[in-house]
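Modelling step: build the complete structure from the supplied sequences, incorporating the hints.
Residue numbers (our numbering), protein chains in the order written: chain U, 1 to 349; chain E, 350 to 772; chain X, 773 to 939.
Just so you know, these hints were derived from the structure itself, not from any lab. The structure displayed is predicted, hence computed values, not measured ones. The beta-carbon is built from N, C-alpha and C at its ideal position, and this holds for glycine as well. Certain hints may be false.
Example chain U residues on the side facing chain X (calculated, C-beta under 7 Å, incomplete) [to be verified]:
id, residue
1, T50
2, E51
3, T55
4, R65
5, V70
6, L72
7, D250
8, S333
9, M334
10, A341
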Amino acid sequence: MTLQMILDRVNRIGKNSMKQVTEPNHLQLNEQGQLKHFLTLDGLDKALLTEILDTADSFIEVGARSIKKVPLLRGKTVVNLFFEASTRTRSTFELAAKRLSADVLNLNISTSATSKGESLSDTLQNLEAMASDMFVVRHSQSGAPHFIAESVTPNVSIINAGDGRHAHPTQAMLDMLTIRQHKGRFEGLTVAIVGDILHSRVARSQIRALKTLGVSEVRVIAPNTLLPVDIESLGATVFSTMKEGLENVDVIIMLRLQRERMEGALLPSEHEFYELYGLTTEKLKYAKSDAIVMHPGPINRGVEIESAVADGSQSVILNQVTNGIAVRMAVMSMAMSGHVAGRDKLGEL
Amino acid sequence: MNIEIKSGRIIDPANGVDEIQSLYIADGKVVGLGGVPEGYKADNIIDASGCVVTPGFIDLCTYLREPGYEYKGTVASETYAAVKGGFTAVCCPPETLPVNDTEAVTNLILDLAERAGFAKVYPIGALTKGLKGQQLSELYSLRQAGCVAVGNGDHSVASLSVMKRCFEYAKTHGVSVFVRPEEASLAVDGCVHEGAVGTRLGLNGIPALAETVAVSQLILLAEETGVHLHLSHLTTAKSVQLVAEAKRSGLRITADVAIQHLILTDETVSGFDSRFHCRPPLRTHADRIALIKGLNDGVIDAVCSQHQPHEAAAKQAPFAESDPGISSVEVVLPLLLGLVRDSELSLATLVKALSVGAAGVLEVAGGSLAVGDVADVCVFDPDEAWRVTAESMLSAGKNTPWGEHEVQGLVKYTLVDGRIAYA
Amino acid sequence: MTELIDVEGLLETMCHDLSGHLASRQIDDPCIVGIRTGGVWLADVIHKKLDIAEPCGELDISFYRDDFTRIGLNPKVKPSVLPFETEGRHLVLVDDVLMSGRTVRAAMNELFDYGRPASITLVTLIELDGRELPIQADIVGQKISLSGNQQIKLKGPGKLVLEITDK
Numbered sequence: 001m002t003l004q005m006i007l008d009r010v011n012r013i014g015k016n017s018m019k020q021v022t023e024p025n026h027l028q029l030n031e032q033g034q035l036k037h038f039l040t041l042d043g044l045d046k047a048l049l050t051e052i053l054d055t056a057d058s059f060i061e062v063g064a065r066s067i068k069k070v071p072l073l074r075g076k077t078v079v080n081l082f083f084e085a086s087t088r089t090r091s092t093f094e095l096a097a098k099r100l101s102a103d104v105l106n107l108n109i110s111t112s113a114t115s116k117g118e119s120l121s122d123t124l125q126n127l128e129a130m131a132s133d134m135f136v137v138r139h140s141q142s143g144a145p146h147f148i149a150e151s152v153t154p155n156v157s158i159i160n161a162g163d164g165r166h167a168h169p170t171q172a173m174l175d176m177l178t179i180r181q182h183k184g185r186f187e188g189l190t191v192a193i194v195g196d197i198l199h200s201r202v203a204r205s206q207i208r209a210l211k212t213l214g215v216s217e218v219r220v221i222a223p224n225t226l227l228p229v230d231i232e233s234l235g236a237t238v239f240s241t242m243k244e245g246l247e248n249v250d251v252i253i254m255l256r257l258q259r260e261r262m263e264g265a266l267l268p269s270e271h272e273f274y275e276l277y278g279l280t281t282e283k284l285k286y287a288k289s290d291a292i293v294m295h296p297g298p299i300n301r302g303v304e305i306e307s308a309v310a311d312g313s314q315s316v317i318l319n320q321v322t323n324g325i326a327v328r329m330a331v332m333s334m335a336m337s338g339h340v341a342g343r344d345k346l347g348e349l
Numbered sequence: 350m351n352i353e354i355k356s357g358r359i360i361d362p363a364n365g366v367d368e369i370q371s372l373y374i375a376d377g378k379v380v381g382l383g384g385v386p387e388g389y390k391a392d393n394i395i396d397a398s399g400c401v402v403t404p405g406f407i408d409l410c411t412y413l414r415e416p417g418y419e420y421k422g423t424v425a426s427e428t429y430a431a432v433k434g435g436f437t438a439v440c441c442p443p444e445t446l447p448v449n450d451t452e453a454v455t456n457l458i459l460d461l462a463e464r465a466g467f468a469k470v471y472p473i474g475a476l477t478k479g480l481k482g483q484q485l486s487e488l489y490s491l492r493q494a495g496c497v498a499v500g501n502g503d504h505s506v507a508s509l510s511v512m513k514r515c516f517e518y519a520k521t522h523g524v525s526v527f528v529r530p531e532e533a534s535l536a537v538d539g540c541v542h543e544g545a546v547g548t549r550l551g552l553n554g555i556p557a558l559a560e561t562v563a564v565s566q567l568i569l570l571a572e573e574t575g576v577h578l579h580l581s582h583l584t585t586a587k588s589v590q591l592v593a594e595a596k597r598s599g600l601r602i603t604a605d606v607a608i609q610h611l612i613l614t615d616e617t618v619s620g621f622d623s624r625f626h627c628r629p630p631l632r633t634h635a636d637r638i639a640l641i642k643g644l645n646d647g648v649i650d651a652v653c654s655q656h657q658p659h660e661a662a663a664k665q666a667p668f669a670e671s672d673p674g675i676s677s678v679e680v681v682l683p684l685l686l687g688l689v690r691d692s693e694l695s696l697a698t699l700v701k702a703l704s705v706g707a708a709g710v711l712e713v714a715g716g717s718l719a720v721g722d723v724a725d726v727c728v729f730d731p732d733e734a735w736r737v738t739a740e741s742m743l744s745a746g747k748n749t750p751w752g753e754h755e756v757q758g759l760v761k762y763t764l765v766d767g768r769i770a771y772a
Numbered sequence: 773m774t775e776l777i778d779v780e781g782l783l784e785t786m787c788h789d790l791s792g793h794l795a796s797r798q799i800d801d802p803c804i805v806g807i808r809t810g811g812v813w814l815a816d817v818i819h820k821k822l823d824i825a826e827p828c829g830e831l832d833i834s835f836y837r838d839d840f841t842r843i844g845l846n847p848k849v850k851p852s853v854l855p856f857e858t859e860g861r862h863l864v865l866v867d868d869v870l871m872s873g874r875t876v877r878a879a880m881n882e883l884f885d886y887g888r889p890a891s892i893t894l895v896t897l898i899e900l901d902g903r904e905l906p907i908q909a910d911i912v913g914q915k916i917s918l919s920g921n922q923q924i925k926l927k928g929p930g931k932l933v934l935e936i937t938d939k
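Shown next as structure tokens:
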């Protein structure tokens, strides 16, 4: 993006101050508008998000076969670069890559390499020498995958597995797949996201996905201390109580509350949080009777959700796990596709 | 050397001059305006037709990086970049290594500046020892050695009571105190303006409140102690309002704005572009408009570059880990001329903000081209377009968002003490 | 320029030939699988005419194509549907046009990932020149030679029509 484009936008924003701005796409999309990196849902249109969901459907079918592999990424090397520890997300990506017949390398860089003084740039340049095709990156800094895609390894397709507080786009897409499976469509739905929105990259990606896919309303329910400034500018309506917030809601997404939030005057205690915002059987009744309950996991029983609800009939939490592999297979194959191929007319073989 | 600057449009707001006429220099001073002084013979004639001639610009904040951070820049490279930008004098903040909290470091910097022979350097000494915010530096000695003011740079002071004592001591010796207003506990960990853009990008924000709360407190302390307080790099509309009120009640409070806050907003951070990582952060469009208005109304006394050259690696990291700062001293003039072209600023205000305004803050000579004044002069072509490239930049720091960009407004000559320092 | 070929007529003959072919191999309970999209329409017709008990299968070969690095992934991929166990079964694979043979190779690779069939019989409506792999159909509706700037396409669903047009 040139400075002139930025300055034009700055001037335009001033004149239309309520206009919502999305992120420039020069980085994630190739010239044909296809994914070549998967960094954020900002700037991706409904057609592309729908293509991800549809492609994921095909991979769910693959997962139901006895041989759960397709040869799409055969001969390609996928490296899991996890600067933040994570077992679940990493193993899902690993499984997804293997089911695409790729060779997988797991690198848990954590912070020890960088604490030895090696810069992120240097660490990655050494890895690039190993001739990888794709990096799946999880990092504690917002924007780290952007930085990697833009300046360090332009020949490698980058998939964001979660960066700081910014985005967790594959998680949001698998959540969207779950919603589509249970509700059949996005139009007309009211979705509520409950909990620590401030620190949640998942919530930001979910809000973006829901708005792009065209739900009626996205709500966030949290105390003011857990809400980011100007969350309304992302298209969400703010509620402070479960009673008001859950009224008429079709989908409830509960976010995990981390223990650290009890410090720094954000919340007094887990007890009070559960009292006000924990999803119990009683509070679930505020929503529609066929509302579904989701949670990106891992669940803190008795903190954000009652066990009976987590295991109950309205909970679709386990489906979310299955969908994770399919969505990641879809995203990885689409990004690899946009990365390597010029997109001519898909001819006959 | 006798230098005649011929037929330029002389804009000298300090003396109410805006006239096409010639300027005559001898022995480092202005000796005539308009008609040739009697007996004057020019050794060198600069043809300034089509150009604007103004007092040399004075920058209230240029990081020269030496001593200690020579990998980012040196006194020689950065004062050279400064004269290219039309600046005949620059103030360097105390954040050197070692910190400029002793005569020795001040003398070193002045020595280096003299040897380089480009822009004059007015060091700003450290308010507290080591900039640790706990104990006073030898403010009197620093002033005697040549510091024009003292400040605590980007570092916070331990408490309001320590700040109050610093103000009292500075007032005793007539030393001005430069403070960049930021309440540390509200700014903690932040790297962008706390607002919609920061929320969308998941970056920790520095709320406007961090600045306004500090501005309020500092104004009250200044009122109480009588010190001359200079607020560096205002970024919010509310700060402008607070400073306006303080001035109306007769307090000796001055303020500057850094060039980027007049031109850019937090929208530019989209895409995590570390070229726009600044401290204090870029804020909203409404703030930008209020800052320009504050400049026009005279609430803000000067525009500075807040020039911060960096080595390439400093910007090659995820946004929050990159070093804040823009290498800006070479483009301040064309950027402000852009505002003049968009009718947001008058040319006279531009010249005032870069010269006599800054001189007034520092209480030094400068910013004036009357007969007898020191011949610090800038000659520029307001319309000539040029391209900002890494190769053409004189600064050691190539960290500019304006790289590969065309700008309009080029300095043709800079004269320091009546000698050509840049052409 | 458009030329029409009698698809109905061809299908009659093909089904007749297919029945004979299967009988001579003592295959009495084949499963029909069509390759998307043209092959699926044809498979449906064959399935009805031969009165097969088991439902038809549909194969999407997008994940098995050999040109991923050249042209990338099909944005309109849909799940394959094979509503029967393939292990040990005799399959009848149906496609509309056989040219290079690569589609059939991809289809066979995919079928084998479901299980090991006892046999595969290949049925194609149209056979063109231009084979690039050693693949041949067991039942062919019609052999056609096209000139360099012509292409052929099966249109459906409903009334199936073959169209030869200029590229």
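Hints, one by one, checked against the model:
Here the hint on T50 (chain U) is broken, as its CB sits about 10 Å from the closest CB of chain X, past 7 Å. With 7 Å as the threshold, the beta carbon of E51 (chain U) comes within range of chain X, its nearest partner Cβ sitting at about 5 Å, so the hint holds. Hint status for T55 (chain U): holds, given a least beta-carbon distance of 6 Å to chain X, under 7 Å. Of the supplied interface hints, the one on R65 (chain U) holds, with its beta-carbon coming within about 6 Å of a beta-carbon of chain X, less than 7 Å.
The closest approach between the C-beta of V70 (chain U) and any C-beta of chain X is roughly 4 Å, which is under the 7 Å cut-off, so the hint is satisfied. Proximity of L72 (chain U) to chain X holds as hinted, the smallest CB-CB distance being about 5 Å (cut-off 7 Å). Nearest Cβ of chain X to the Cβ of D250 (chain U): about 26 Å, over the 7 Å cut. The hint is violated. Using the Cβ-Cβ criterion of 7 Å, the hint placing S333 (chain U) at the interface with chain X is satisfied: the shortest such distance is roughly 5 Å.
Taking 7 Å as the C-beta cut-off, the interface hint given for M334 (chain U) holds, the closest approach to chain X being about 6 Å. For A341 (chain U), the shortest C-beta to C-beta distance to chain X is roughly 3 Å, which falls under 7 Å, so the interface hint holds.
Of the numbered hints listed earlier, those contradicted by the structure are 1, 7.
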